[in-house]
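Asks: Chain residues, written in single-letter form:
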Amino acid sequence: MIAYNKTWLANLRLQDEVKKDVQQGNVSDAEFNGIAQKYPVSFYTPNLFVRIGLFILTCVIMSFGDGLLTLMAASSRGLVESAFWLFFLGALAYAGLEIMINASHHYRSGVDDALLFICGCFFTTGFAVLLSNNNYGTHYLSLSGLIFLLTLWLSIRFADMLAATTCCVAFLAFIFFAWIKIVPAGLSTAPFIMMLVSGGVYWVASVYSSRKEFINYDNCLIVAKAVSLTALYASGNYYIIQTLSSEMMGKTGPVPFGAIFWIWTILMPFAYIGFGIKRKDVILLRVGLLLITAAALTFRTYYHVLPVDVALTIAGTVILTVVYAVVKYLKTPKHGFTYTEPDEVNLMDHLKVESLIVAETFSHAPAAPTDEGVKFGGGDFGGGGSSGGF
Amino acid sequence: MNNNLYSNLHAEGLVSDESLAKTRLKEEKPLLFSVHWEIKTLLYVGVLLLTGGLGLLIYENIDTIGHEFVLMLIAAICLGCFYYCFKNKLPFSKNRVLSPNSFFDYILLLASTSLLIFVGYLQFEYKVFGTNYGMATLIPMLALFFIAYYFDHLGILSMAIANLALWMGVSVTPKQLLLNSDFNSETIIYTYLLLGILLIAGGYAAQRFNYKKHFKFSYLHYGIHVAYIALLAGYFHYYDSAIAAAWMLGILTLSFLMYHDAFKNKSFYFLLLVILYSYIALSSLVIRFLLSINDGVMIELIAFYFIGSGIGFIFLLINLNKKLKAA
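Residue numbers (our numbering), protein chains in the order written: chain A, 7 to 396; chain B, 11 to 337.
Please keep in mind that the hints were generated in silico from the structure rather than gathered at the bench.
Among the hints, a few may not be true.
[What the hints assert, rightly or not] What follows is a list of derived Cβ distance ranges for each label pair:
{"no.": "1", "chain 1": "B", "residue 1": "L267", "chain 2": "A", "residue 2": "R19", "range": "34 to 44 Å"}
{"no.": "2", "chain 1": "B", "residue 1": "G76", "chain 2": "A", "residue 2": "A302", "range": "26 to 36 Å"}
{"no.": "3", "chain 1": "A", "residue 1": "I283", "chain 2": "B", "residue 2": "I75", "range": "33 to 43 Å"}
{"no.": "4", "chain 1": "A", "residue 1": "P339", "chain 2": "B", "residue 2": "T197", "range": "50 to 60 Å"}
{"no.": "5", "chain 1": "B", "residue 1": "E70", "chain 2": "A", "residue 2": "I221", "range": "51 to 61 Å"}
{"no.": "6", "chain 1": "B", "residue 1": "H224", "chain 2": "A", "residue 2": "F90", "range": "54 to 64 Å"}
{"no.": "7", "chain 1": "B", "residue 1": "G76", "chain 2": "A", "residue 2": "G264", "range": "43 to 53 Å"}
{"no.": "8", "chain 1": "B", "residue 1": "R298", "chain 2": "A", "residue 2": "E219", "range": "53 to 63 Å"}
{"no.": "9", "chain 1": "A", "residue 1": "Y308", "chain 2": "B", "residue 2": "G322", "range": "55 to 65 Å"}
{"no.": "10", "chain 1": "A", "residue 1": "V324", "chain 2": "B", "residue 2": "A85", "range": "19 to 29 Å"}
{"no.": "11", "chain 1": "A", "residue 1": "E104", "chain 2": "B", "residue 2": "G322", "range": "48 to 58 Å"}
Ideal Cβ placement from N, Cα and C applies to all residues, glycine included.
Please construct the entire structure, taking both the sequences and the accompanying hints into account.
Replies: Laid out in structure tokens, this is it:
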């Protein structure tokens with residue numbers, strides 16, 4: 007099913023495993039070379055920067071190639087405007103992708119990423135154009151269904167994380183639209199169904215991620231877990247439920263069973279973190295940490311208990327105190343937890359990404375003297391993320 | 011499973027007895043779950059929230075608190091943090107100095123930000139430097155460079171570079187560089203160019219004199235982007251006059267130098283930058299040429315050029331990558 011050579015994928019995993027031990031000094035370089043010869047990997051997988059470069063260049067080639075084809079076909083009336091032209095271009099990208107993988111053995115090289123991305127975009131746009139032509143607004147059900155099938159195939163065939171993400175989201179959207187269409191008064195029961203379904207997706211992903219047959223889809227299943235956990239939270243989040251019910255049914259005012267949803271909104275992130283710590287599950291832990299922000303924002307939308315400045319200050323103090331306490335507590339590793347760096351050297355460290363992020367977020371602050379509309383704040387506090395730092 | 015892996019490899023004669031014993035030993039140790047990244051991220055978010063919140067708090071209550079109190083508060087935070095840093099720092103060295111603990115970097119960051127806020131506040135409220143804005147930005151900049159070198163902090167070096175740019179009248183983070191700048195004014199282009207050259211020179215000097223060698227990356231990273239963008243902007247600004255050729259020549263020289271530097275230091279990142287910026291320059295030349303022919307089939311020709319050159323550059327990139335790896 008998977009497009010890439012399975013033996014090589016297995017060898018790649020083996021080599022990665024051994025490489026870690028080489029870095030830790032448990033296995034010598036000579037031994038690694040011997041192992042690499044015995045278990046060869048003939049994929050073309052360049053480093054991250056070359057991958058980015060190849061991605062950009064492939065996108066340039068494809069856009070001008072498709073533009074040229076469209077220009078040529080434009081003479082025949084009606085062909086270019088139809089959705090089938092988009093399908094044709096998408097199919098072309100797909101063919102290119104299969105050729106690059108089978109003939110040139112590209113694996114996560116930027117070229118295959120770009121082609122997969124372009125192919126997915128063309129087909130998705132094609133579906134949207136095709137379905138929105140006849141009836142406006144009611145095509146979401148079939149659209150999400152088609153996108154689900156498309157990205158499911160792409161995920162199975164290429165084990166791509168972006169495809170897997172889209173696939174999960176499309177599946178959940180499909181269930182949602184199907185439920186509110188089929189069941190009368192579907193919208194008021196939809197939260198519970200979505201909880202069940204996303205919980206189910208998480209459960210399935212967890213079960214399959216430990217199976218040997220699915221080892222090639224490890225990264226897809228990780229993404230599926232993260233998406234389903236987020237969806238599980240979102241389906242019980244008060245703000246989302248209220249917004250959806252007012253948007254789709256024109257109902258305003260408090261939501262029925264409000265108390266249940268409030269408990270869900272506030273407690274779920276902590277439950278995630280608790281389970282994450284108990285099971286030593288990185289995904290649960292990180293999703294939980296992120297969702298605390300969502301819970302805080304939801305709460306603040308409805309109850310303006312504190313002014314923004316006080317809230318920010320308190321939040322900052324609390325976070326720093328908790329972190330300080332955790333670091334103190336883990337000075338010597340306890341219960342299998344440590345706060346020292348993992349042994350694996352990763353590429354990002356070489357790039358000193360952190361310094362660039364600091365520059366991106368803090369560099370507005372020093373602008374104080376020359377700026378007219380000066381604020382005394384320490385930079386913008388919106389981006390805690392890696393905002394394209396390198 | 012891991013255990014099996016090495017047993018099998020050992021049975022095949024690929025792993026020596028000694029290495030097998032080492033991996034066994036490693037597996038016997040309990041597997042530690044590292045929360046390193048979570049802690050780091052939370053620290054970062056915490057500092058961000060706290061400084062943001064305090065800033066906002068002061069801003070909104072300025073009437074009741076009074077400026078002197080606010081200034082004293084900021085100064086107290088600043089001094090407290092610097093005191094901690096001076097007390098806990100490791101001895102200065104020309105090479106890389108690791109931070110003594112995981113809080114150190116963030117406390118230093120807090121100290122530097124509050125220093126900036128302090129100076130900015132003084133200027134805004136009391137006009138200490140009057141209208142001499144150059145002075146008002148020069149002093150924080152020098153302070154930041156000093157802190158960055160003295161405590162060996164890359165984040166603060168980036169802040170210092172941003173302040174240098176500010177002092178020269180431009181803002182340097184890539185995002186702002188692309189969003190907020192208009193490239194039509196000649197002075198801005200020349201300032202950018204000077205800044206870029208200065209930063210690249212700084213990077214080279216760091217390496218040449220073996221003084222904080224690891225700072226070279228930050229210098230070059232900003233320098234290359236700024237220099238290339240300035241050169242391209244210059245080229246397009248003087249598009250119709252003969253001087254455009256000089257700008258093109260500048261791009262060519264820069265590419266040549268950076269290409270050699272990337273090879274010397276085995277840097278894939280800078281190699282990629284050189285290739286992409288050179289591609290933009292080359293494409294603008296070719297399109298100019300094609301447009302000057304002024305035939306009916308130009309669009310097709312341009313499309314063909316991009317397809318062909320795209321494929322060409324892909325092969326170039328793949329080959330250079332191979333060469334760089336082998337070098």
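Asks: Going through the earlier hints one by one, which of them does the structure break, listed in rising order?
Replies: 11
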